[in-house]
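Q: Given only the sequences and the hints, what does the whole structure look like? Please build it.
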Amino acid sequence: MKWKKLKKNDEIKKQFYDYLEHVLTTYGKKDVLYYLVENSPGLLVFPDKDRGPVTGIDKTINGINSENTPVAVISIFTGECLHYPSFRDFKRAITKSEKLKSWANFHFDNYSELDHSKLKLNRENIDYSFLFESIIDFNIKKSRYINQNTH
Numbered sequence: 036m037k038w039k040k041l042k043k044n045d046e047i048k049k050q051f052y053d054y055l056e057h058v059l060t061t062y063g064k065k066d067v068l069y070y071l072v073e074n075s076p077g078l079l080v081f082p083d084k085d086r087g088p089v090t091g092i093d094k095t096i097n098g099i100n101s102e103n104t105p106v107a108v109i110s111i112f113t114g115e116c117l118h119y120p121s122f123r124d125f126k127r128a129i130t131k132s133e134k135l136k137s138w139a140n141f142h143f144d145n146y147s148e149l150d151h152s153k154l155k156l157n158r159e160n161i162d163y164s165f166l167f168e169s170i171i172d173f174n175i176k177k178s179r180y181i182n183q184n185t186h
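Residue numbering for the sequence shown follows the numbering used here, starting at 36 and increasing by one per position.
Treat the hints as calculated values from the structure; they're not laboratory data.
Label-pair distances were calculated between CB atoms; the ranges are: (1) I47 <-> K131: 31 to 39 Å; (2) D53 <-> E102: 34 to 42 Å; (3) K136 <-> Y54: 19 to 27 Å; (4) E102 <-> K37: 39 to 47 Å; (5) S137 <-> E73: 16 to 24 Å; (6) E102 <-> Y52: 31 to 39 Å; (7) L41 <-> G114: 14 to 22 Å.
Okay, derived cross-link-like pairs now, BS3-like style, lysine-lysine, Cα gap no bigger than 25 Å in a straight line: (8) K176 <-> K43; (9) K177 <-> K40; (10) K65 <-> K155; (11) K153 <-> K177; (12) K126 <-> K177; (13) K126 <-> K153; (14) K134 <-> K177; (15) K49 <-> K176; (16) K134 <-> K176; (17) K48 <-> K64; (18) K176 <-> K153; (19) K176 <-> K37; (20) K155 <-> K126; (21) K134 <-> K153; (22) K136 <-> K153; (23) K48 <-> K37.
Quick reminder that beta carbons are idealized off the backbone N, C-alpha and C, glycines included.
A: Spelled out as structure tokens, the structure:
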């Protein structure tokens, strides 16, 4: 299987983690606690307390309160970083902008069925070691989904 060989290819894996380190360093998020958007290994969400406006009293320490914590949403796939007053505001913005909706949908394997209002965060840490394999698995699922729905 080509996918198994790809997962074990140390050179490609190194290039991926070099790229990831570059993206995170660019946005000042290297070695910072992050969250993943559920079912998307390509969207990392970070507390972004240095950017405003705060939408309420944020009592979390090194965490994200979905209603009150300003967030930085970083796409591993595109290298972009978007800033929102909260994760809740990010979800609302998706429903109001076709361009943002398309961008967000790109990060999910079942993108045509995505309900943006139900997006959830999974707490992670500062370890990125599993992302390479997760993104390969994600792309396998996405290609199967596309093949099933186009034939």
